[in-house]
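Q: As a plain string of letters, each chain reads:
There are 2 protein chains.
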Amino acid sequence: MAASPFSSIRSTPKISAPAALVVPRRRSSVDLRSASANPLRVQIGGAAARTSRIRARIAASATPVMEEAAAGKESGSRVSTVVNVDLGNRSYPIYIGSSLLDEPDLLQRHVHGKRVLVVTNTTIAPLYLEKVTEALTHGNSNISVESVILPDGEKYKNMETLMKVFDKAVESRLDRRCTFVALGGGVIGDMCGFAAAAFLRGVNFIQIPTTLMAQVDSSVGGKTGINHPLGKNLIGAFYQPQCVLVDTDTLNTLPDRELASGIAEVVKYGLIRDAAFFEWQEKNMQALLARDPSALAYAIKRSCENKAEVVSLDEKESGLRATLNLGHTFGHAIETGVGYGQWLHGEAVAAGMVMAVDMSRRLGWIDDTIMNRVLNILQHAKLPIVPPETMTVEKFKNTMAVDKKVADGLLRLILLKGPLGSCVFTGDYDRKALDETLHAFCKN
Amino acid sequence: MAASPFSSIRSTPKISAPAALVVPRRRSSVDLRSASANPLRVQIGGAAARTSRIRARIAASATPVMEEAAAGKESGSRVSTVVNVDLGNRSYPIYIGSSLLDEPDLLQRHVHGKRVLVVTNTTIAPLYLEKVTEALTHGNSNISVESVILPDGEKYKNMETLMKVFDKAVESRLDRRCTFVALGGGVIGDMCGFAAAAFLRGVNFIQIPTTLMAQVDSSVGGKTGINHPLGKNLIGAFYQPQCVLVDTDTLNTLPDRELASGIAEVVKYGLIRDAAFFEWQEKNMQALLARDPSALAYAIKRSCENKAEVVSLDEKESGLRATLNLGHTFGHAIETGVGYGQWLHGEAVAAGMVMAVDMSRRLGWIDDTIMNRVLNILQHAKLPIVPPETMTVEKFKNTMAVDKKVADGLLRLILLKGPLGSCVFTGDYDRKALDETLHAFCKN
Ligand SMILES: NC(=O)c1ccc[n+]([C@@H]2O[C@H](COP(=O)([O-])OP(=O)(O)OC[C@H]3O[C@@H](n4cnc5c(N)ncnc54)[C@H](O)[C@@H]3O)[C@@H](O)[C@H]2O)c1
Ligand SMILES: NC(=O)c1ccc[n+]([C@@H]2O[C@H](COP(=O)([O-])OP(=O)(O)OC[C@H]3O[C@@H](n4cnc5c(N)ncnc54)[C@H](O)[C@@H]3O)[C@@H](O)[C@H]2O)c1
Ligand SMILES: [Zn+2]
Ligand SMILES: [Zn+2]
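Residue numbers (UniProt numbering), protein chains in the order written: chain A, 1 to 444; chain B, 1 to 444.
Possibly wrong hints are sitting among the right ones.
Note: identical chains are not told apart, hence a pair may lie in one copy or across any two.
In silico DSBU-like pairs for lysine-lysine, Cα to Cα no more than 35 Å straight-line [what the hints assert, rightly or not]: (1) Lys232 with Lys164; (2) Lys168 with Lys417; (3) Lys395 with Lys168; (4) Lys283 with Lys168; (5) Lys232 with Lys155; (6) Lys382 with Lys232; (7) Lys164 with Lys397; (8) Lys131 with Lys432; (9) Lys316 with Lys114; (10) Lys397 with Lys114; (11) Lys395 with Lys432; (12) Lys168 with Lys397.
These aren't lab readings, by the way, just hints derived from the structure by calculation.
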């Protein structure tokens with residue numbers, strides 16, 4: 001037997017966790033009981049699935065592609081799984097594992113045509129561009145790779161930077177049978193995806209996400225786009241990639257704060273629809289923070305499965321998909337309040353989730369113990385559990401009033417309700433609870 | 001009985017043409033016999049339809065919506081038909097007729113939400129913006145209309161102008177339940193359509209085309225986009241409108257050259273797939289040039305039906321849709337050669353079609369009489385039948401070498417083959433014929 005991928009952390013008493021391939025494969029159950037009765041309320045419970053009423057097939061499933069590290073390789077922790085995102089003829093696989101960039105075939109089977117444009121940024125290019133180019137061309141001298149290296153940062157996620165991608169594509173005379181590859185975090189993925197959607201009205205597109213945030217969230221689901229000076233992600237397209245390749249090794253160079261930011265979204269999936277996953281995280285947070293490849297691969301796999309299931313059921317966000325925004329309405333107010341870039345997105349979401357859980361507790365919708373567990377897990381991940389001191393009740397209210405989820409003057413929120421792993425998206429709650437939460441978390 | 005819509009032109013001996021509602025409803029037959037045998041060759045013939053092999057349903061059909069001019073109205077020429085573009089859940093109607101902008105219900109039934117953004121330009125706004133605003137709001141005080149007036153011209157069909165549309169939409173705080181309305185020619189339609197596709201990843205969209213070119217071609221089929229400094233229409237989306245409203249009265253203010261430019265595309269539909277329509281045009285060209293509302297409505301209807309059928313069968317242009325480019329490869333070389341904006345698009349297409357027909361004749365694929373009929377009809381429409389003198393064989397070859405339809409070094413062309421109304425899209429032709437055609441039409 002190869003060394004257990006978890007051997008390094010088995011000594012920590014808290015962790016009894018099985019590795020990715022050992023964990024029995026499971027599917028989250030989805031319950032839309034109340035959806036038809038009240039369009040404002042979508043209940044996603046841990047109860048028995050009643051998916052027969054749901055047209056879209058749920059098919060986010062995990063299948064091992066490599067049973068064990070190839071003989072002769074050092075790493076005993078190489079684990080790879082495939083999550084399939086089921087969207088009819090736009091379905092695609094997410095490959096997850098260590099050293100996947102050393103498997104040229106995984107990428108090459110999804111390249112259309114002979115010409116590839118890699119879109120990346122000044123931080124990531126020196127780290128991974130050569131490796132990715134090698135993976136794309138290895139054993140295949142037919143393929144030619146161009147690249148465009150954009151400036152790094154959310155503030156460059158705009159039309160001007162997007163034009164640099166088009167300029168490069170046009171100057172290189174790329175035709176419809178080319179492939180765009182996004183190599184980077186969510187900013188690069190969103191921009192490259194939108195460029196691929198719009199260049200010649202749509203070309204082939206592959207995602208290689210290199211932040212945990214991108215691996216567990218932004219690379220899955222097909223939302224692409226750029227910011228407008230007056231608002232985030234206002235211009236874009238729903239556009240699905242041909243595949244997503246997650247090489248967990250890329251996380252080794254990721255700053256700690258960026259890693260933690262991604263973990264906030266991982267915690268979110270557990271809270272809104274996957275109690276077993278939340279429990280797994282409680283036991284394995286240390287392994288995640290230590291970047292144990294198997295723990296990361298498992299967390300990414302379960303996150304992608306959860307997101308893929310939700311997206312399959314509601315690609316264009318008519319209701320269910322909104323539940324992926326637990327903590328995001330409060331979080332968005334924090335991001336706006338402190339100025340974008342001060343707090344990372346996942347940090348704001350972490351504090352926002354605490355506020356949403358607090359409100360759910362005040363409404364009497366969840367057991368008190370859930371609050372403690374949320375606080376514990378986020379603190380363990382070194383994520384903030386309260387908004388910054390500069391946030392006032394007023395600031396929260398102002399931003400929340402213009403949230404996309406306001407309909408006919410009513411702010412709909414994602415709140416926990418029922419046992420761990422169940423939530424609702426609803427505008428039907430006591431306003432007093434919201435007020436109390438805001439006052440509890442703000443000095444004034 | 002109301003006065004015949006054709007009473008004013010019945011005296012002209014050439015015209016035996018029935019009005020739109022009198023012409024027996026017909027469907028073009030589509031034959032993809034050779035498509036599977038040779039992917040480079042798509043045959044569209046006038047022969048019996050063998051549509052059973054074709055997945056997409058052909059459903060471009062004409063249904064009268066207003067049998068007669070409403071009592072008490074002056075105009076006896078009001079004719080309205082609906083062409084349905086069948087694209088599954090993205091299907092939509094094209095309303096065609098005189099005074100349709102006086103029928104608020106036609107537009108209002110397709111408005112989603114309460115907020116509308118009309119996109120138009122400095123030439124069209126003074127002519128029709130008030131009328132359209134009235135049509136959108138008449139009897140419906142709930143609806144609020146904003147507008148953005150762009151500079152007029154193909155040279156403004158770019159990212160900078162597109163941003164003005166987004167700026168207006170964002171500043172007006174439009175949300176997902178808004179409707180964009182394109183009021184203008186193909187330039188406005190293409191830009192507004194792309195803006196609608198990308199704003200908040202897609203909002204509702206209505207086309208009110210005001211040039212014949214836009215009414216018979218660009219408003220149908222869902223191609224939207226803008227130009228890149230280095231090439232036309234390189235950035236865009238496939239995005240279908242909620243409806244297209246063609247009020248033939250808007251053509252009364254259109255310059256003669258622009259009208260003729262649109263007629264070139266009308267002639268094209270006859271040549272590639274609809275012999276009966278071509279024959280109708282031969283008899284009714286005078287009525288079209290005189291802007292007879294019924295003749296225009298019929299020509300627009302048949303054109304939209306033909307385009308809609310092709311688009312239903314091949315939305316993303318895998319083969320069949322390419323046949324809509326008869327004359328366009330030669331025409332594009334002319335537009336590039338003389339500089340964009342010197343020749344109108346339809347003018348270049350007219351000369352290009354003559355060249356394609358000449359080449360088909362040299363290949364022995366069509367009867368000699370077809371050439372004469374094409375020359376006659378285009379001359380009657382005052383369209384050019386030869387390229388400008390400045391065009392050389394060299395210039396043609398250079399532009400044609402980089403055409404989108406070049407695959408593996410082989411230039412595929414749309415050529416006529418068989419009886420009137422049949423064409424092929426093929427790279428399988430004698431190179432000598434192409435050379436002879438180029439030399440016949442160029443001084444050097
Ligand atoms: N499309 C969606 O569904 C979706 C979902 C969530 C977030 N997003 C978007 O994603 C963006 C945030 O993504 P993000 O958190 O990945 O931010 P990011 O893309 O800005 O990456 C964070 C930082 O890490 C650097 N980096 C990336 N990979 C690295 C690596 N392997 N090693 C070292 N440094 C690395 C980046 O250069 C950057 O400086 C936002 O624009 C947000 O709107 C989109
Ligand atoms: N999307 C497609 O499938 C498709 C197909 C063909 C052409 N196109 C695009 O369409 C554009 C050409 O369209 P076009 O020929 O309509 O040109 P256009 O939009 O520039 O209009 C021609 C001129 O007529 C003016 N005009 C429009 N309506 C008028 C009216 N009723 N009265 C007086 N003036 C009026 C315009 O302001 C403009 O000056 C090109 O950009 C081309 O790429 C797109
Ligand atoms: Zn998020
Ligand atoms: Zn054309």
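Q: Hint by hint, say whether it matches the structure.
A: Now the hints, each set against the structure:
In this assembly of identical chains, Lys232 and Lys164 lie within 35 Å of each other by CA distance both inside one copy and across copies; the values are 20 Å within and 17 Å between. With identical chains, the CA atoms of Lys168 and Lys417 are never at most 35 Å apart, being 50 Å at best within one copy and 40 Å at best between copies. Taking CA atoms no more than 35 Å apart as the test, Lys395 paired with Lys168 passes between copies only; the shortest distance there is 26 Å, against 42 Å inside one copy. In the homo-oligomer, the alpha carbons of Lys283 and Lys168 never lie at most 35 Å apart, since the shortest distance is 47 Å inside one protomer and 50 Å across protomers.
Taking the closest pair of Cα atoms, Lys232 and Lys155 come within 35 Å of each other both inside a single copy (10 Å) and across two copies (29 Å). In the homo-oligomer, the alpha carbons of Lys382 and Lys232 lie at most 35 Å apart inside one protomer (26 Å), although the nearest pairing across protomers, at 51 Å, exceeds that limit. Taking the shortest alpha-carbon separations for Lys164 and Lys397, only the inter-copy value of 30 Å comes in at or below 35 Å, while the best intra-copy value is 38 Å. Neither within a single protomer nor between protomers do Lys131 and Lys432 lie at most 35 Å apart by alpha-carbon distance, with minima of 55 Å and 48 Å respectively.
When the C-alpha separation of Lys316 and Lys114 is checked against a cutoff of 35 Å, the pair qualifies both within a copy, at 32 Å, and between copies, at 21 Å. For a Cα distance limit of 35 Å, the shortest separation of Lys397 from Lys114 across copies, 25 Å, qualifies, whereas the shortest one inside one copy, 52 Å, does not. With identical chains, the CA atoms of Lys395 and Lys432 are at most 35 Å apart within one copy only, with a shortest distance of 18 Å there and 75 Å across copies. In this homomeric assembly, Lys168 and Lys397 come within 35 Å of each other (Cα to Cα) only across copies, at 25 Å, whereas the closest approach inside a single copy is 43 Å.
When each numbered hint is compared with the structure, violations occur for hints 2, 4, 8.
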